[in-house]
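Undergrad: Since chain A is already given, all that's left is putting chain B with the ligands on it; use the hints.
If you read the sequences in order, they're chains A and B.
Remember, this note's numbering sits 6 above the position in the first sequence when you count from 1.
Remember, this note's numbering sits 2 above the position in the second sequence when you count from 1.
For the record, the hints were derived by calculation from the structure and aren't laboratory data.
No false leads were mixed into what you were given.
Just a few of them, taken from the derived set where beta-carbon distance is under 10 Å, the chain A residues facing chain B: (1) W10; (2) Q17; (3) K287; (4) P292; (5) T295.
Capping the alpha-carbon separation at 20 Å, the derived lysine-lysine pairs in PhoX-like fashion look like this: (6) K251/B with K269/B; (7) K93/A with K56/A; (8) K271/B with K244/B; (9) K9/A with K122/B; (10) K216/A with K228/A; (11) K251/B with K374/A.
Pulled from the structure, derived: some chain A residues nowhere near chain B, Cβ distances all over 12 Å: (12) G45; (13) P120; (14) I155.
We put the CB at the ideal spot given by N, CA and C, even for glycine.
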Amino acid sequence: MYKWLWQTLWQQKTGVLSGAGSVAVALVLVVIMDASFVGESRQTIAYIEKMRADVWVMQHGVSNMHMASSYVWDWKLTKVRQVAGVKRATPILYMNSVFAAGKRNWFSYVIGLPEDGQRAGPWAVSSGKAFPARGEILLPQVLEKAAGIKLGDMTRIGDHSFRIVGFTRDTFSMSNSIAFVSFDDLQDLIAVSGSLSYILVDAEEGVDAKALATRIESEVDKVTAITHEQFLANDYQIGLLMGAEVLSIMTLIGIILAVLIAVFTAYLQVDRCRRELAILKTVGFPNRTLYGMMLLQSMIISLLALIFTLVSVFILTPLLTALVPMINLVLTEAILLRVSYIALLVSLLAVIPPAWMVARVDPLTAFKV
Amino acid sequence: MVSTILSASHLHKEYGSGNTRVVAVDDVSMEIATGELVLIMGPSGSGKTTLLSMLGGILTPSSGRILLAGLDISSMNEAQLPAIRAAKVGFIFQAFNLLDALSARDNILLPAHLMPGGIKAAAPRADDLIRRLGIEKRQHALPGTLSGGEKQRVAIARALINQPPLILADEPTGNLDSQSGLEVMMVLRDIARDEGRAVILVTHDPRVEAIADRILWLEDGVLRDRREEQHQWLNCPVCRMKIDTWNAKIRHRAGQRELVFCTEQCKQKFIQQPERYMPAE
Ligand SMILES: Nc1ncnc2c1ncn2[C@@H]1O[C@H](COP(=O)(O)OP(=O)(O)OP(=O)(O)O)[C@@H](O)[C@H]1O
Ligand SMILES: [Mg+2]
Numbered sequence: 007m008y009k010w011l012w013q014t015l016w017q018q019k020t021g022v023l024s025g026a027g028s029v030a031v032a033l034v035l036v037v038i039m040d041a042s043f044v045g046e047s048r049q050t051i052a053y054i055e056k057m058r059a060d061v062w063v064m065q066h067g068v069s070n071m072h073m074a075s076s077y078v079w080d081w082k083l084t085k086v087r088q089v090a091g092v093k094r095a096t097p098i099l100y101m102n103s104v105f106a107a108g109k110r111n112w113f114s115y116v117i118g119l120p121e122d123g124q125r126a127g128p129w130a131v132s133s134g135k136a137f138p139a140r141g142e143i144l145l146p147q148v149l150e151k152a153a154g155i156k157l158g159d160m161t162r163i164g165d166h167s168f169r170i171v172g173f174t175r176d177t178f179s180m181s182n183s184i185a186f187v188s189f190d191d192l193q194d195l196i197a198v199s200g201s202l203s204y205i206l207v208d209a210e211e212g213v214d215a216k217a218l219a220t221r222i223e224s225e226v227d228k229v230t231a232i233t234h235e236q237f238l239a240n241d242y243q244i245g246l247l248m249g250a251e252v253l254s255i256m257t258l259i260g261i262i263l264a265v266l267i268a269v270f271t272a273y274l275q276v277d278r279c280r281r282e283l284a285i286l287k288t289v290g291f292p293n294r295t296l297y298g299m300m301l302l303q304s305m306i307i308s309l310l311a312l313i314f315t316l317v318s319v320f321i322l323t324p325l326l327t328a329l330v331p332m333i334n335l336v337l338t339e340a341i342l343l344r345v346s347y348i349a350l351l352v353s354l355l356a357v358i359p360p361a362w363m364v365a366r367v368d369p370l371t372a373f374k375v
Numbered sequence: 003m004v005s006t007i008l009s010a011s012h013l014h015k016e017y018g019s020g021n022t023r024v025v026a027v028d029d030v031s032m033e034i035a036t037g038e039l040v041l042i043m044g045p046s047g048s049g050k051t052t053l054l055s056m057l058g059g060i061l062t063p064s065s066g067r068i069l070l071a072g073l074d075i076s077s078m079n080e081a082q083l084p085a086i087r088a089a090k091v092g093f094i095f096q097a098f099n100l101l102d103a104l105s106a107r108d109n110i111l112l113p114a115h116l117m118p119g120g121i122k123a124a125a126p127r128a129d130d131l132i133r134r135l136g137i138e139k140r141q142h143a144l145p146g147t148l149s150g151g152e153k154q155r156v157a158i159a160r161a162l163i164n165q166p167p168l169i170l171a172d173e174p175t176g177n178l179d180s181q182s183g184l185e186v187m188m189v190l191r192d193i194a195r196d197e198g199r200a201v202i203l204v205t206h207d208p209r210v211e212a213i214a215d216r217i218l219w220l221e222d223g224v225l226r227d228r229r230e231e232q233h234q235w236l237n238c239p240v241c242r243m244k245i246d247t248w249n250a251k252i253r254h255r256a257g258q259r260e261l262v263f264c265t266e267q268c269k270q271k272f273i274q275q276p277e278r279y280m281p282a283e
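Pulled out of the complex, with its shape left as it was, chain A reads as follows (with noise of 0.2 Å):
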């Protein structure tokens, strides 16, 4: 019995293969909108993660970083310096903004770094300069190709304009890239003085960044001070929450695809097996094995269409973000069960229809010459 199945699928090889890799097509397409979900998901949150800060300051009730802003008055450095078990404090100006690159505009971070401000810089720099003096900016490498733009030239953030004097690495998404200027520039951009935004705090051996957090908060007036983990959190929810509704419909898109498709290939087998099945109902087979046959049949084809995404979107994820700089492809264990899931539910919802045409199945075709 089923070797029968198994003979039949291996004669209908091509129309069971096809069907599998279109049930695919539709799979790899919920993968790599997944992917590229979390990859600019995570981009959003890379400065907090590189920077590595054991506490953040912030002007109180602030929580977050990523489409926030913050202001705080900067003699609050000096207090925050003086708390015990600060080793040191780096401040920072930010703005969400836009800069002209190329022929568009590019959403981006702005920080503001000062004179001594390496420790908030650029954490890989691919050319040129690694930290900016006035008049200067460092932008992603990634718009060296996609914007085409090279050291040396001239970009605009409102009214201002930089020299590009330094490319550097990870710090790009669609969503949001990262650009470091000057902090006096920033300054006289936002037009502000006497303010910065947040404040990178380390803290010295041994101390715990909690205990430290909550001293700052209770011995510098109106800030808001967060641990490393909790800050990267607090971000990550937010690019999150962006997110989270687009993919799901794109996911869920993605999945009636693949139920439609399966569908129809489990559709054109039962019509090419109509004769078959008569004659297996007119040898005594019960109907309930033939469901099970088609449902055997269904998981076949769609753990098949699940090997046909993985293998294709191990491939295509390297490709693709070799092709396309711009897009940030992250493929996590998360993805890869996710989509095994879906198959699971493809398989389990493709054999409605088919079962209910086996059940319709006459064995009175098989008296028919």
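TA: What follows is chain B with the ligands alone, placed relative to chain A:
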């Protein structure tokens, strides 16, 4: 000892309803004993296939009762009938109906999956059938590569593998040349005579009449005494081809006489020029 294996009483089957209502089988009763080879003959559309599929538990009668090996199969539902078909009935079809993906041997063993012991227990029986039917050399071939006669012998072996008491064959020789057809008929006769199974055979082949124990004549869904006088060979009035009057479907009434034709084309030719083709009395 001869005993009744199948008994049908007042079987009635209608298809459709209202305008499309067709009475396919009407008040048919019969008893079949073990070891009997019974022929069902009758014109096309007379209800032979319908009757056969009711007797084999594929189709439920609109009314009437069928006792097969003491079980009332006419009152069984869709969930119960498959088991009856698997154990009690072997079907042989005109179109052979082998599964293309399986070898001859696997086709023969297919129904054994449904029996206790499965194909393991049935393997010696399959070997025996393969030998008896003379298909040893072809047992591992796929149906696509078998000749018509070989296919039908494989189908017969499949019908016999579960040792059912009743074999139903619907025009088993319809797709075979006359020599292969004759061989298949002989096999069926041996099955009835030597193994004591009841065989019900629907056929148009008049040669089989000689080996049958009994002939039932079905016409318009009703079992009748066969009208011997109708069984005669005539020539088509237009093209002179030989036709058997009691199979002929294409008829035309010309005055007092009813004429039969080989094809619709010949009938039309006749209607256009009756005086030219009208046969002598
Ligand atoms: N599923 C169906 N629905 C409606 N009418 C049917 C159906 N099956 C058969 N019939 C009708 O019932 C009658 C008997 O059909 P059946 O197939 O039993 O005849 P038969 O004697 O086997 O004919 P043949 O010698 O051509 O095979 C015919 O008039 C046929 O058109
Ligand atoms: Mg028929």
